[in-house]
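S.K.: Sequence:
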Amino acid sequence: MSNIYKGLALLLVLGLQAMTGVVPMAILGLLLIVALWVYREKYANHTLIIAIEYLLVLAVSALNPLTLILSSPLAFDLAARGLSLYIVLLVPAGLIYLQGEYLLAYGLLLIYSALSGYLSYTLQKKAASFREVYDSERRNRYSLEEAKSRLMHSAREAAHLAEMRERNRIARDIHDHVGHNLAGILLQMQVIEKLTKKDPEKARELLAQSISGLADAVKLIRETVHNLKPREQLGLDYIENIISMFKFCEVDFKHHGDIAVISASHTEIISSIIKEALTNAARHSNASFVEIELDVRERIVRLFIQDNGSGCGDIKEGMGISGMKERVRNAAGSLTINATDGFSIVCVLPREEKEGGAALEGADR
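Take any residue in the sequence shown, count from 1 to its spot, add 4: that is its number in this note's numbering.
Please keep in mind that the hints were generated in silico from the structure rather than gathered at the bench.
Don't take each hint at face value.
Keeping only pairs whose Cα atoms sit at most 25 angstroms apart, straight-line, the calculated DSS-like set for lysine-lysine is [to be verified]:
no.: 1; residue 1: 279; residue 2: 251
no.: 2; residue 1: 258; residue 2: 279
no.: 3; residue 1: 279; residue 2: 329
no.: 4; residue 1: 46; residue 2: 129
no.: 5; residue 1: 152; residue 2: 329
no.: 6; residue 1: 329; residue 2: 258
Have a look at the derived ranges for each label pair, beta carbon to beta carbon [to be verified]:
no.: 7; residue 1: 129; residue 2: 155; range: 32 to 40 angstroms
no.: 8; residue 1: 242; residue 2: 172; range: 19 to 27 angstroms
no.: 9; residue 1: 302; residue 2: 188; range: 49 to 57 angstroms
no.: 10; residue 1: 327; residue 2: 188; range: 37 to 45 angstroms
On a predicted model such as this, the values are computed, not experimentally measured, just so you know.
Idealized CB from N, CA, C, for every residue including glycine.
Using the sequences provided together with the hints, build the complete structure.
M.R.: Take a look at the structure:
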């Protein structure tokens, strides 16, 4: 916009110079002013150069007063730089060199140029403010993505640590109980081998004890394996088994997508939520029907549970609900509970491959 003002003002001055008579020194001054315009545009747009330009305009105006028209681009530039007060310094030159209609036209030209420059200054400030807000929002978004990535990494590490602790506990149980029992039975069997011919009655007694000890060891191994719940058994069959064991009311279970891609840690979270919801339906809501829907999408796993019970106005968070929320939060998911019309739960978890890796972004219902 400033360049347009300068071009129009220069053409007007040259036209007036041609009409009133060409003064060589005035033409030289105009060339110097144009040179300053080019310098300010390409290299350094300093306020000092604007002052020098104004002095040149005053010098040329002494030869041809109509050259003061070139003060209008100066007024625009000062206002566009937020220096509107300095435009007052351009007024005295018009009072000195111009009279009558020329003075009035000069004043109107300065006012128009100043208003245009101020508008440009305001738009530039708003654009800078918008850029700052955009940059801040982008930085916040990157920070959020980074924090989300760290949280999901921590959740996977926590799940892995919990799994390792469980394995170590089972290893200790097997070593301390099963291993000890089997070692004792092995010693008894060796004694039985020696007593078979010498004391058959004693051998049969020890054999009965060994059989009983082996039965206890097998029972302990079964209980230990059941508590382990290995990854291979954590899946659709495990969830369906939980639902099939619920006899209080009818349960309609639907699933969509590849359930096999759900990680062990997420299956544990989902199964614990289903258990809590079914327990609530049996104990509190007096429901006759429960709907469960498990949906595996491209980037999320979504669990929806709704019963037709009485619901309640105020949900009191006991160990079950608070535990669910903590587990879901640690997995970078979201959990929504509503009890105004029956009891409903919506859980959204980020897709996580069985061996790690995750994708996030989903929608609630």
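S.K.: So, for every hint listed, does it hold in this structure?
M.R.: Okay, the hints, checked on the actual structure:
1. 279 <-> 251: holds, 13 angstroms
2. 258 <-> 279: holds, 16 angstroms
3. 279 <-> 329: With Cα atoms ~14 angstroms apart, residue 279 and residue 329 stay inside 25 angstroms; holds.
4. 46 <-> 129: holds, 22 angstroms
5. 152 <-> 329: Distance of about 17 angstroms is within 25 angstroms: holds.
6. 329 <-> 258: Cα-Cα ~23 angstroms, so holds.
7. 129 <-> 155: 32 to 40 angstroms: Given about 38 angstroms between the Cβ atoms, the range holds.
8. 242 <-> 172: 19 to 27 angstroms: Holds - the Cβ-Cβ distance for residue 242 and residue 172, about 23 angstroms, lies within 19 to 27 angstroms.
9. 302 <-> 188: 49 to 57 angstroms: holds, 55 angstroms
10. 327 <-> 188: 37 to 45 angstroms: Holds: the Cβ-Cβ distance is about 40 angstroms, inside 37 to 45 angstroms.
Against the hints set out earlier in the document, no violation occurs for any number.
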